[in-house]
Amino acid sequence: AAGVIQSPRHLIKEKRETATLKCYPIPRHDTVYWYQQGPGQDPQFLISFYEKMQSDKGSIPDRFSAQQFSDYHSELNMSSLELGDSALYFCASSQDRGWNTEAFFGQGTRLTVV
Amino acid sequence: KQEVTQIPAALSVPEGENLVLNCSFTDSAIYNLQWFRQDPGKGLTSLLLIQSSQREQTSGRLNASLDKSSGRSTLYIAASQPGDSATYLCAGRGDGSSNTGKLIFGQGTTLQVKP
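Those protein sequences? They're chains H and R, same order as listed. When we follow this note's numbering, the leftmost residue of the first sequence carries the number 1, and every step to the right adds one. When we follow this note's numbering, the leftmost residue of the second sequence carries the number 1001, and every step to the right adds one.
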């Protein structure tokens, strides 16, 4: 069965650089969520999209932006990177905003800012 | 605002023991609750989904219960094995102030099963 695909799996960037993370949801899933997980922390919600429109926003810095495209894949753009942005970034997808449906997570992108 | 708490933060048991992981949430207006497993540095694997209208779900040696009125869920692992060693996260989905389906995670319980 198809899963959520994230790319790249690992990314090393220098401070003040820009990074773009990509997420390809499970086919026919219309909702995408982005999460950030710092070392030893639980995943923190960043932003979500439903049918290509932003549906919710969490603790996402102004330096970050995201969008969902016509093919439902999503990209998280991170600018002016800081050391504290080093974390695992997860994307999840589900159907119909999660009304009694399961959310599936990708394997994550490990971002290291040096 | 939904808050999810997991107890204990860490648990170490001998192989073969049955164990219970606890999860509590503050807003009973959740759509559903999911339990996940996470190995160190890896992704989140969905274990069980309990819908708001259900009281429990079973998958193999795993059984999860949901009591919305008390704001609690438990994950029961029978006959634990060393391969069960991982961090277990529960996540509540939705609350009274949001219908966007985002998951709110607890801090996780790190389980170690000793051979």
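Possibly wrong hints are sitting among the right ones.
With a straight-line Cα cutoff of 27 Å, these simulated DSS-like cross-link-like pairs (lysine-lysine) come out [stated by the list, open to error]:
1) K22(H) with K57(H)
2) K1042(R) with K1114(R)
3) K52(H) with K1068(R)
4) K1001(R) with K1068(R)
5) K1042(R) with K57(H)
6) K1042(R) with K15(H)
7) K13(H) with K57(H)
8) K1001(R) with K13(H)
9) K1042(R) with K22(H)
10) K57(H) with K1114(R)
11) K15(H) with K52(H)
12) K52(H) with K22(H)
13) K1001(R) with K57(H)
Here's a subset of chain R near chain H, in silico, CB distances under 10 Å, partners left out [what the hints assert, rightly or not]:
14) V1004
15) S1028
16) Y1031
17) G1041
18) K1042
19) G1043
20) T1045
21) Y1076
22) A1078
23) L1089
24) A1091
25) I1104
Treat the hints as calculated values from the structure; they're not laboratory data. All C-beta atoms, glycine included, are put in the ideal place defined by N, C-alpha and C.
Exercise. Where does the structure disagree with the numbered hints, that is, which hint numbers, in rising order?
Worked result: Hints 3, 8, 10, 11, 15, 21, 22 not satisfied by this model.
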